[in-house]
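Peer 1: Residues in the sequence shown are numbered from 98 upward in steps of one, following the working numbering.
Worth flagging that the hints you see were computed from the coordinates, not collected in a lab.
Please note that a few of the clues may not be correct.
Estimated spans, in silico, between C-beta atoms of each pair [to be verified]:
1. ALA246 with TRP157: 20 to 28 Å
2. GLY369 with LEU289: 42 to 50 Å
3. ALA453 with PHE384: 14 to 22 Å
4. ARG294 with THR133: 40 to 48 Å
The model shown is predicted, which means the values in this text are computed figures rather than measured ones.
C-beta: ideal position from N, C-alpha, C; glycine also.
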Amino acid sequence: MHIGIAALVLAYVLSQFYRAFLAVLTPVLTTELHVTAADLAAASGWWFLAFAAMQIPIGWALDRIGPRLTAGVLMAVGAGGAVLFSQATGGFQIKLAMALIGVGCAPVLMASYFIFARQFAPAVFGTLAGLSIGIGALGNVASSLPLSAAVEAFGWRETVLGLAAITGAVALAILALVRNPPRLDTARDGTLVDLLRIPAIWPILAMMVVCYMPIAGLRGLWVGPYFADVHGANQIEIGKVGLWIGLAMVAGNFAYGPLDRWLGTRKWVIFGGNALTVACLAGLWWFAAAPPAVATAFLVAAGFFGASFPMVIAHGRAFFPPHLMGRGVTLLNLFGIAPIGVAQIATGRIHAATVAVPPVAPFQAVFLFFAVTTALGLVIYLLSQDRTD
């Protein structure tokens, strides 16, 4: 079982990589394929929307089929998407490839969470969830300076084709190593509607909408155009910024993991961390024209404090019955991922519609969007019921 979880965590490393690598590839894709920042924002949005659209069928499949086939087969689809990306000649192929990669990455984290919820003590779910995302966030690190170096050394097409081969190998490892938990006799009972009838879930879903959206959007795309257009950064320099943000996200996930057990609360850990994230986003908006070190500091802090995703999942999971655990965690994931896709497309349009006088103005509009939406979600989350295991 443990080696199977290791295969799923490795798949999640790739998932984190793919959702963030466009930021580093922005200069070369813009130059060679003549795509715009709005095109790349839409491509990032397609990844998240495809990922989100798969969550409901994945939840059913986890409960009825199990994590082995669910994650292994779809990861192979993601490998095909990476092959298409490596051969792309225009914006539409980039978008389609990102959608296929999103489908492939969609089940891997929830497959791990399903196993944790079914086969480990409830009290350690938050810690295991944070550990998985913390290790997986190394993919965020790999999609920064290491990716920049690989593209410089081998070319972007060759690099992505190599990633496709790695993705296919991980899919095979999942099929060979993951073991499904024993099925419950009550696995056929209940539906998604039963989950939505739980009143305590709704404020948590509001928090899911915004807890990952800003840092995923900024790290996944906007740091590239922002540092290139405003600060004149090249691909390697953008990669360095992405590296620092990725490391902060790794540290944040590890830091959040045990806090619910140490402090005896999930709600206020989540609220406090996301309130600090809002403060970082507001600072990024206000000081967007400051020297690049200032923006980097705000982004790194937002990456650390904005790593509450596994804790919010743990908060919502505490209200789900065991036989609906697969559908429950994927419902939470749906609300956490789909808004990122919508936000990437929306911020692409906001950026394109904002007059670039001064040049930082379109990016300030993007930063303000993330600050305001996160703050609104935080207010609704105040209505949530605290619960620990």
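Peer 1: How does the Cβ-Cβ distance of ALA246 and TRP157 compare with 20 to 28 Å: does it lie in that range?
Peer 2: violated, 41 Å
Peer 1: 14 to 22 Å was suggested as the range; check whether the CB atoms of ALA453 and PHE384 agree with it.
Peer 2: Taking Cβ atoms as reference, ALA453 and PHE384 lie about 18 Å apart, which means the hint holds.
Peer 1: Is 42 to 50 Å right for how far apart the beta carbons of GLY369 and LEU289 are?
Peer 2: violated, 31 Å
Peer 1: Evaluate the given range 40 to 48 Å for the C-beta pair formed by ARG294 and THR133.
Peer 2: holds, 44 Å
Hint compliance for this structure: hints 1 and 2 are not met, and every other hint is.
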